[in-house]
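Modelling step: build the complete structure from the supplied sequences, incorporating the hints.
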Amino acid sequence: MTHVVIIGASLTGTSCAQQLVQSDSDVRVTLISDELDVAYDRPPLSKSLKLGAALPRVDLDPQAHLKSANITVLAGAPAKSIDIANKKVDVDGNLVSYDKLVIATGARARTLPAFEIAGAPIVTLRSLADAKIIQERLESKTAPRVGIVGGGFIGLELASALSESCQVNLFEAQANLLSRVLPKEISGRVADRHAEANVSIHLSAEIEEIEGDSDSVRLTLADGQNFEFDLVVLGVGAVPNDEIAGQAGLTIDNGIAVDETLRAKDDVYAGGDCCSFPLALTGSRVRLESWRNAQEQGLHIANQIVSGEHSAFDGMPWFWSDQYDLGLQMAGWPNSNSQQVIRDMGETLLCFELDPDSKLSAVSGIGPGNSVAKDIKVCERLMAAGRILSAQELADPAVKLKKLLKG
Amino acid sequence: MGRWVDVCATTEVDEEDLISVEFEGHDYAIYHDEDGEFFATDAHCTHEKVNLCDGFVEGEIIECPKHNGRFNFKTGEGLGSPVCIDLKTYPCKVENERVFIELVEV
Ligand SMILES: Cc1cc2nc3c(=O)[nH]c(=O)nc-3n(C[C@H](O)[C@H](O)[C@H](O)COP(=O)(O)OP(=O)(O)OC[C@H]3O[C@@H](n4cnc5c(N)ncnc54)[C@H](O)[C@@H]3O)c2cc1C
Ligand code: FES
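Chains as they are written, first to last, in the numbering used here: chain A, 1 to 407; chain B, 1 to 106.
You may find that some hints are simply not true.
In silico lysine to aspartate or glutamate, EDC-like type, Cα no more than 16 Å apart, as pairs [claimed, not checked]:
#1 Lys400/A to Glu97/B
#2 Lys49/B to Glu393/A
#3 Lys403/A to Glu15/B
#4 Lys88/B to Glu105/B
Don't read these hints as lab results, they were simulated from the structure.
Shown next as structure tokens:
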């Protein structure tokens with residue numbers, strides 16, 4: 001019987017464990033988590049956090065596969081170190097031997113030294129425990145004032161979720177929201193929607209001074225504006241949890257470096273937010289923080305362990321975000337010298353990144369609900385097939401994208 | 001015996017596509033496959049209840065717009081993670097350019 005030890009019981013670890021026990025009766029799994037609550041989904045934490053309502057806990061294991069006889073879940077148990085030569089993991093002082101190791105330790109929210117003020121209500125949002133702290137703090141105030149530092153997806157989603165019950169100010173250092181990942185045409189619509197909901201977005205914001213005590217946090221901007229908040233949430237990105245892997249001698253390169261099969265070493269795999277891997281589409285090494293990537297990499301690792309055969313991971317980068325009634329989706333990986341082509345269909349808008357060789361390298365879209373999903377999926381297939389496309393056809397809403405796929 | 005309910009016109013559903021229709025407070029997905037045949041299932045994904053009408057139809061597969069869960073819409077079979085529950089299907093027929101689905105009272 002093969003014993004698979006998985007470190008991290010979030011999306012990557014859970015999907016790997018579920019696939020293992022469903023497809024092979026001859027495997028035993030130990031799933032280790034430093035969090036007490038395991039197998040819950042993170043995206044709802046920023047999208048659906050409401051005051052006076054239940055915490056948005058979505059179960060990643062509704063069918064209770066993790067209760068199978070051949071899985072042991074160790075919750076609230078941090079893996080302290082890995083001994084690769086002897087195939088053992090130190091779990092809070094107990095040595096656990098493995099035949100195969102899966103590192104799915106994910107990422108943690110980045111913090112900023114200037115915001116480390118003991119006792120002040122300054123937090124990040126990564127876990128259900130964080131969401132609970134945010135909710136309880138804001139529920140204790142009558143007209144809660146929230147400052148969100150960082151205009152990334154998590155900060156913007158949280159602003160949209162809290163906009164009905166709180167006064168929200170959001171600070172972004174860049175001149176545009178999401179400027180590294182989205183074209184202005186799309187981020188402009190995001191900004192407009194926030195303005196409509198009375199969320200104050202401060203672009204090119206330079207925070208000069210931060211002061212805080214247990215009661216409130218005061219921010220001063222370089223232009224002299226002052227703010228006082230009951231809670232400040234930092235949304236300034238995430239860093240991979242790769243320390244125990246690095247100490248075990250595994251290569252670290254923007255996360256745990258794995259090969260195209262997601263192996264860091266013989267019998268050691270890493271997947272999800274904690275790892276960097278060569279992207280099948282471009283060959284470049286990337287680390288993704290994306291739901292679908294984590295889920296698919298967990299499955300891919302499990303399938304290789306069950307079959308005993310190695311194969312390259314060829315997932316397509318894909319990401320979504322929901323803010324208010326708007327849904328955003330992105331797929332592919334933009335090339336630095338691609339040309340932007342916009343298809344404006346009124347309520348929905350798509351932006352294509354067309355390479356010099358007339359192939360699509362990435363696409364992003366925005367529209368009500370999931371309205372861009374179909375077009376984004378067609379684009380994924382256009383990219384996977386390497387179709388030659390013309391900017392005119394892509395820009396023309398009268399040309400059905402599905403038709404371009406059929407050639 | 002169930003009752004046959006008129007849910008839409010055949011022209012409302014593009015080939016290789018689907019729409020969502022509501023009847024007595026329940027949403028149904030109506031599919032038009034590339035051979036011109038029509039099929040019906042529950043409209044909501046069994047994973048997190050997202051309406052499948054914004055999903056992508058390819059052959060006999062519907063892919064959910066949210067987490068890309070996949071089902072065979074002819075049989076309702078869920079095709080792997082994150083989907084672990086099959087989709088309910090309904091008998092479907094076309095008469096005089098109208099699509100009918102059969103509902104069984106329970
Ligand atoms: C608020 C929020 C909203 C998001 N929204 C979206 C979205 O809309 N769309 C999208 O595509 N993606 C979204 N994501 C990203 C997505 O949730 C992540 O990509 C996904 O959770 C990654 O899964 P993972 O299992 O690799 O890592 P994680 O979810 O980070 O889980 C890693 C787990 O390992 C544990 N761990 C770490 N070190 C140890 C150790 N030494 N011992 C034991 N356990 C350990 C951690 O505590 C954690 O429980 C969002 C993320 C957050 C936080
Ligand atoms: S809601 Fe359909 S796959 Fe998640």
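Quick rundown of the hints versus the structure:
no., hint, result
1, Lys400/A to Glu97/B, "violated (24 Å)"
2, Lys49/B to Glu393/A, "violated (34 Å)"
3, Lys403/A to Glu15/B, "holds (12 Å)"
4, Lys88/B to Glu105/B, "holds (14 Å)"
The structure is inconsistent with the numbered hints 1 and 2, although it conforms to all the rest.
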